[in-house]
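As you go down the protein sequences, you meet chains A and B in turn.
The first sequence: position 138 = 144 (the numbering used here), numbered continuously.
The second sequence: position 338 = 344 (the numbering used here), numbered continuously.
By construction, these hints were calculated from the structure, which means they are not laboratory data.
From a predicted model like this one, the values you see are computed outputs, not experimental measurements.
One or more hints might be untrue.
The list treats identical chains as one, so a pair stands whether inside a single copy or across any two.
With a cut-off of at most 20 angstroms between alpha-carbon atoms, the simulated EDC-like pairs for lysine to aspartate or glutamate come out as follows [unchecked claim]:
1. K111 / D95
2. K180 / E211
3. K359 / E142
4. K145 / E31
5. K66 / E306
6. K66 / E31
Residue strings, one per chain:
There are 2 protein chains.
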Amino acid sequence: MNRLEQLRSQLVGEGLDALLVSGCENLNYLSGFTGSAGFLLISPTRAILATDFRYIEQAKVQAPLFEVTEVRGEPHQWLPGLVAKVGSDALGFEARDITVAAYRKIEAALVREEVGLKLVPTEGLVEPLRAVKEYEEVKLITNAAALADAALAHARKIVRPGMTETALAWEIEKCLREGGSSVPPFDLIVASGPNGALPHARPSERTLSNGEPVVIDIGARVGGYASDLTRTLCMGEPDGRFRELYDLVLNAQLVALSGIRSGMTGEQADSLARGIIQDAGYGHAFGHGLGHGVGLATHEDPRLGPGASQELQTDMVFTVEPGVYIPGWGGIRIEDMALLTASGPRPLTHCPK
Amino acid sequence: MNRLEQLRSQLVGEGLDALLVSGCENLNYLSGFTGSAGFLLISPTRAILATDFRYIEQAKVQAPLFEVTEVRGEPHQWLPGLVAKVGSDALGFEARDITVAAYRKIEAALVREEVGLKLVPTEGLVEPLRAVKEYEEVKLITNAAALADAALAHARKIVRPGMTETALAWEIEKCLREGGSSVPPFDLIVASGPNGALPHARPSERTLSNGEPVVIDIGARVGGYASDLTRTLCMGEPDGRFRELYDLVLNAQLVALSGIRSGMTGEQADSLARGIIQDAGYGHAFGHGLGHGVGLATHEDPRLGPGASQELQTDMVFTVEPGVYIPGWGGIRIEDMALLTASGPRPLTHCPK
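Looking at chain A on its own, in the form it has when it is part of the complex (with noise of 0.2 angstroms):
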């Protein structure tokens, strides 16, 4: 069943004759549609993409299943009039995407050409299809990890007391694009010593220096899919807090990756490896989940951490990526990809750790 009648089978049961996709990932997956403006709409016998002149020639190509159609302005200038011609009294719309300043507008309109349309807010569509990944994506992922991969063995190879974390970031940077990859999926983190207690820590002019840990987390982007891989280096010799919890956080991770298995919740997965950080006494300093699914988006479905009640399931792609941070000190994260498997998760990234 392809992804458009794997969508269409859900509206039924959510009490929709229709669905306004919005959301830039959730467009381009259903649709394959890659511009930066447009919007589907989607019943059980039309599907539409909606989008302005700049982009009419690229969508025909890029969204073969779907009818093209121009649009000018603003979705409250034109929706109403698409629905009426795919007839929708129940309208979804995603509701983590649209903006209460759209939304109040679209309702204006609908109003005043008496369109008697019931709009519905909907979370959480298209996301979970988007969690289970096809063998054409696992391979695009795949070839954005060697990337990842190859690009941190590059860091580690000219990293150097005195560089700053801002031109190590570069020569990260500059590896990636150079090996193939679009912009990065997200700013790519360099940080050393107490900066790498803050987990969303910026490159700064900070000079890296002996014994201190350097927190270097990456991503590389392949036909719109991204990876995410972090690796903590020490230059020199480490001193016994970093070999203590290296190791810990070392152990945590690969008991989580041999571990997982799909049916697990993400908050069972992600325990896997708490309870060994919780258990060395050092459980206030994971701050953050075990994991996130990666696709199209760098942090989507499925997550894995506390409260996380999405089971995963085979042919998910997700992080793996324990972390302790000390204030004061710095912050010690490891981080592979994997795909799970039958057998429990495959890694996808693969540099030494």
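Assemble the complex: chain A is given as a structure, and chain B must be docked to it using the hints.
For chain B alone, kept in the frame of chain A given last:
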């Protein structure tokens, strides 16, 4: 009057006793905070910056005029409590930024916790303040403009037939980044021959040839502020059409650059250039507005184009970028950034045309 006081002076007129600011450029503009997750709660007497554990230290340093408070989870989980502290009855929120999903959760939490608070959608309270630049902002934009000038000069030097669009775009990006730009504010455009007919083309593997137009649209970012610059090159001998359209677009741009004055509307400014292009019979081929404000966002107020009623004011910074696009042949666009002074626009980009 500082930015915060300017905003506060508007709240009363809007019937609000507090405003929740969530749009990231607005948040940065008002507070100085550059983290990727945060909210401002601004009342006549309080100014609170709410962010999570990752950004607390950064927020305290960057936003000295704000009380920094640590929050966990999504707004619906902490907003009712925070609003109670501030004592608001009518809280404005940014309707162009808050999604329907987030809004519904906040609404439900207010009902659940029996908080008698009216949520009021607002649009465009902070954006008009951002449109008029202060001295320090102009300095950063000028630096970002100089980097774009330098990268375009570099492109002119290295461009040669047989190079792909992506290769040239990457050489330009390296020049920008190594010159001191952070991640560019938009994906750089190199669009050759027919690709140039699409105003938002992405660089492709198409190779550049003699005699065809090559549209190069680039920007740098310095201290958060963007620049935006376009030139259209032709290697070898331009054909008659290139000469005719280039001269037309250049003339339209120069007339606009010399004729725009504060007090004009964005539509009047646009018509200075559009009239010339229309008179030459190419009105249909100039499918976008004449320009847009540039600052923390690449596209911000003011808009210069048909229907733009906002008046241009001294100290606004905007682009002036007429273009003509011929399907199958290509495009000509010439774009400079200018600061509006009492005597008219003063260009901030200086690359030869």
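Hint check:
In the homo-oligomer, the alpha carbons of K111 and D95 lie at most 20 angstroms apart inside one protomer (18 angstroms), although the nearest pairing across protomers, at 25 angstroms, exceeds that limit. For the identical chains of this complex, K180 and E211 are neighbours both inside a copy (18 angstroms) and across copies (18 angstroms), given an alpha-carbon limit of 20 angstroms. Taking CA atoms no more than 20 angstroms apart as the test, K359 paired with E142 passes in neither setting, with 28 angstroms inside one copy and 45 angstroms between copies. Taking the shortest Cα distances, K145 and E31 sit within 20 angstroms of each other inside one copy (18 angstroms), while across copies they are farther apart (37 angstroms).
Neither within a single protomer nor between protomers do K66 and E306 lie at most 20 angstroms apart by alpha-carbon distance, with minima of 27 angstroms and 31 angstroms respectively. For the homomeric pair K66 and E31, the shortest alpha-carbon distance inside one copy (18 angstroms) is at most 20 angstroms, but the shortest distance between copies (35 angstroms) is not.
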